[in-house]
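A.B. asks: Take 1 as the starting number for the first sequence in full-length UniProt numbering and just add one per residue.
Keep in mind that the hints were calculated from the coordinates and are not lab data. Don't take every hint at face value.
[What the hints assert, rightly or not] Think about it this way: if two alpha-carbon atoms lie no more than 27 angstroms apart in a straight line, the pair counts; the simulated DSS-like pairs of lysine-lysine are: (1) K518 to K477; (2) K594 to K613; (3) K191 to K674; (4) K605 to K587; (5) K666 to K191; (6) K76 to K164.
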Amino acid sequence: MDKSETQKRIIKLRREIARLRNAYHVENAPNITDDVYDSLTRELKALLEEYPEFYDANAREHRVAGKPLDKFVKVKHQNRMLSLNDAFSYEELYDWEKRIKKLLPAEKLQGSSFRYFCEVKFDGLAVSLIYKKGKFVQGATRGDGFIGEDITQNLKTINSIPLKLKKPYPLSLEVRGEALLSKANLDKLNKINIREGKPVFANTRNVAAGSLRQLDPRLAAERKLDFFAYDIVNRREARPNALGLASRLETHSAKHEILRKLGFKVEKIEVKAENLEEVIAFIKKFEKIRPGFPYGTDGIVVSLDDLKMQEILGVVGKAPRFMVAFKYPAERVTTMVKNVLINIGRTGVLTPLAIFEPVSVAGSTVSKATLHNMDQIERLGLRIGDTVVVEKAGDVIPKVVEVLTGLRTGKEKKFKIPALCPVCKSKIVKKQLINQSSVAYFCLNPKCSAKNERYLEHFVSVFEIYELGPKILRRFKDEGFITDAADIFLLTKEDIASLPRFGEKSAENIVQEIENKKKIPLSRFLWALGILHVGEETARDIAIHFGTLEKIILSTNPGKNFSNFYLDIENIGPAVSKSLFDFFHDKNNLNFIKKLEKNGVIIEKAEKKKAGKFAGFNFVLTGTLSLMSREVAKEKILSLGGKVVGSVSKNTSYVVAGALPGSKFKSAQKLGVKVIDEKEFLNMLD
DNA sequence: ATCCCTCGAGTTCA
DNA sequence: CTCGAGGGAT
Numbered sequence: 001m002d003k004s005e006t007q008k009r010i011i012k013l014r015r016e017i018a019r020l021r022n023a024y025h026v027e028n029a030p031n032i033t034d035d036v037y038d039s040l041t042r043e044l045k046a047l048l049e050e051y052p053e054f055y056d057a058n059a060r061e062h063r064v065a066g067k068p069l070d071k072f073v074k075v076k077h078q079n080r081m082l083s084l085n086d087a088f089s090y091e092e093l094y095d096w097e098k099r100i101k102k103l104l105p106a107e108k109l110q111g112s113s114f115r116y117f118c119e120v121k122f123d124g125l126a127v128s129l130i131y132k133k134g135k136f137v138q139g140a141t142r143g144d145g146f147i148g149e150d151i152t153q154n155l156k157t158i159n160s161i162p163l164k165l166k167k168p169y170p171l172s173l174e175v176r177g178e179a180l181l182s183k184a185n186l187d188k189l190n191k192i193n194i195r196e197g198k199p200v201f202a203n204t205r206n207v208a209a210g211s212l213r214q215l216d217p218r219l220a221a222e223r224k225l226d227f228f229a230y231d232i233v234n235r236r237e238a239r240p241n242a243l244g245l246a247s248r249l250e251t252h253s254a255k256h257e258i259l260r261k262l263g264f265k266v267e268k269i270e271v272k273a274e275n276l277e278e279v280i281a282f283i284k285k286f287e288k289i290r291p292g293f294p295y296g297t298d299g300i301v302v303s304l305d306d307l308k309m310q311e312i313l314g315v316v317g318k319a320p321r322f323m324v325a326f327k328y329p330a331e332r333v334t335t336m337v338k339n340v341l342i343n344i345g346r347t348g349v350l351t352p353l354a355i356f357e358p359v360s361v362a363g364s365t366v367s368k369a370t371l372h373n374m375d376q377i378e379r380l381g382l383r384i385g386d387t388v389v390v391e392k393a394g395d396v397i398p399k400v401v402e403v404l405t406g407l408r409t410g411k412e413k414k415f416k417i418p419a420l421c422p423v424c425k426s427k428i429v430k431k432q433l434i435n436q437s438s439v440a441y442f443c444l445n446p447k448c449s450a451k452n453e454r455y456l457e458h459f460v461s462v463f464e465i466y467e468l469g470p471k472i473l474r475r476f477k478d479e480g481f482i483t484d485a486a487d488i489f490l491l492t493k494e495d496i497a498s499l500p501r502f503g504e505k506s507a508e509n510i511v512q513e514i515e516n517k518k519k520i521p522l523s524r525f526l527w528a529l530g531i532l533h534v535g536e537e538t539a540r541d542i543a544i545h546f547g548t549l550e551k552i553i554l555s556t557n558p559g560k561n562f563s564n565f566y567l568d569i570e571n572i573g574p575a576v577s578k579s580l581f582d583f584f585h586d587k588n589n590l591n592f593i594k595k596l597e598k599n600g601v602i603i604e605k606a607e608k609k610k611a612g613k614f615a616g617f618n619f620v621l622t623g624t625l626s627l628m629s630r631e632v633a634k635e636k637i638l639s640l641g642g643k644v645v646g647s648v649s650k651n652t653s654y655v656v657a658g659a660l661p662g663s664k665f666k667s668a669q670k671l672g673v674k675v676i677d678e679k680e681f682l683n684m685l686d
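With the hints as extra help, turn the sequences into a complete structure.
C.D. replies: Listed below in structure tokens is the structure:
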């Protein structure tokens with residue numbers, strides 16, 4: 001970007017940020033915009049650092065969000081409520097350390113008093129509580145840091161806020177902490193909302209903020225908020241003798257101890273750290289706990305424990321120098337789409353793939369995401385060059401959620417499906433398979449090398465020949481060792497070992513692995529054939545119906561040309577039936593099957609499913625199973641006559657939840673499906 | 001014709 | 001995990 005483009009980008013960023021802020025604060029839109037807002041603000045900050053001449057003191061990004069509402073009484077804070085600077089990586093923590101060490105006198109860095117303190121950063125609403133003579137007299141929101149709203153009545157409904165302090169207490173005290181809702185209470189609340197047809201809350205913070213802004217404290221009371229204290233502000237008034245201490249407070253960690261003694265709830269997960277390595281260890285430790293932590297959190301607050309050092313470092317702008325918030329990676333970020341590429345699948349389907357500037361999201365760096373098909377691109381309105389919002393579905397798969405059209409420059413390009421296959425140059429058609437309305441585009445060339453490669457990969461994966469990955473397959477193909485999947489079974493140790501970068505041992509392993517996997521049940525064999533619409537389940541249905549491959553082939557009378565041949569099989573309708581009929585009528589396919597058998601593939605007969613004790617039961621597996629692998633669990637269920645399905649519905653009998661279950665766990669709760677853990681599952685097996 | 005549920009197929013990163 | 005599409009119930 002040149003300078004004038006940067007300036008335009010800055011202006012647009014400001015506008016977009018303002019729009020999101022408005023959506024959040026005024027229209028009460030769900031705060032899915034939150035991370036996006038942060039992401040854009042960061043970009044703006046970075047650009048302004050590079051080009052300080054575009055800095056605009058009046059621009060909105062320099063003001064603290066959240067003006068006091070008119071409905072509530074405004075309160076001037078006795079001590080300004082600060083916000084924290086963020087660190088988004090360990091590197092930024094080290095930068096911070098470098099900065100503060102420069103500012104501290106050398107003698108302070110010696111000895112044992114230089115130490116950090118780490119605590120959980122709750123994702124709630126920061127509030128300030130004033131106590132006089134041990135009694136809670138006033139509570140306020142942060143507001144703009146100087147002036148907040150008096151929400152005393154609402155705060156009094158929170159059980160974990162003591163109305164009276166435990167002795168000994170000082171004459172006057174200001175406590176800072178976070179008002180928030182537990183995840184469990186959010187779920188309960190949302191359950192009720194669903195039942196009553198009301199919209200669900202996106203997160204605990206929205207509820208906390210919304211509840212405390214209710215004018216009627218009874219509404220706030222219903223929400224069952226919680227409060228965690230984390231700071232004592234006016235420690236000059238909190239004199240040692242008033243607190244029953246021998247000497248004055250010297251560290252931040254000591255404040256936590258005092259808060260506990262005064263009767264506040266203070267989070268137990270916290271640590272004193274001698275150096276940043278220990279800080280990072282704590283950050284990593286909590287990252288694992290975080291998903292199961294009962295409250296929403298967005299990071300770890302790291303502070304210099306020694307209060308004198310805090311004083312030396314002081315405050316710059318609206319944030320203290322002695323404290324920093326380490327933020328865990330956001331779940332939604334923004335990035336720029338550099339290009340859209342095309343992938344060709346086993347069926348010849350063309351799948352567009354968005355390539356974007358690598359960004360860190362939910363713990364990993366992503367650089368591409370599938371766009372599924374043309375319809376999806378049109379729905380999103382995506383063009384090459386656009387700034388997009390990216391998230392990770394189920395914390396794993398990157399997904400383009402939204403296009404920020406407000407940031408367009410006019411240079412964005414629309415993406416078109418190519419007329420010719422990018423690999424084999426044959427014509428691309430929007431093929432209607434059986435149904436009239438297919439959205440996908442296809443390369444129909446049966447010899448398309450991309451298609452064939454995908455097929456080989458599918459074949460070895462169904463045969464579970466793990467030693468042969470995509471790269472190796474490709475190499476064997478390029479070397480001329482294999483022309484089709486059947487050739488795999490003729491590979492020799494000598495062939496493989498003759499290639500550079502393959503040793504005797506790995507060649508041996510590959511050949512042995514192939515030998516071991518030659519025997520295959522009929523159902524898997526059918527699946528491996530890659531018949532359109534015939535996957536794992538359908539293949540099983542067919543295998544059980546016929547029993548042997550001969551019967552399947554014989555059943556297809558080559559003389560007749562109708563395709564309702566398989567309709568009497570359970571779960572097979574016109575589309576699959578036609579696909580099967582077409583497949584077994586193709587001479588090439590029949591020859592391929594013969595070749596496989598000639599090359600040593602042994603097809604085991606399918607047996608009728610025994611009616612086990614799981615007959616008629618559908619299982620869904622979620623989370624990480626620790627007592628057995630997913631594969632094993634699946635096999636056990638199948639062998640007892642049950643079924644394993646991929647998604648939860650009201651037909652699901654049991655959801656087996658391991659550690660850190662995903663969205664399936666939630667939908668099970670929503671649908672009232674029985675959730676069991678691994679132990680209960682094992683008990684059922686006996 | 002229209003629902004809901006499953007299945008198939010393609011997908012990402014560590 | 002997502003989206004499209006097939007199968008079956010209504």
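A.B. asks: For each hint, tell me whether it holds in the structure or not.
C.D. replies: Each hint tested on the structure:
no. : hint         : result
1   : K518 to K477 : holds (20 angstroms)
2   : K594 to K613 : violated (38 angstroms)
3   : K191 to K674 : holds (16 angstroms)
4   : K605 to K587 : holds (23 angstroms)
5   : K666 to K191 : holds (11 angstroms)
6   : K76 to K164  : holds (23 angstroms)
Comparing the model with each earlier hint shows a violation of hint 2 alone; every other hint is respected.
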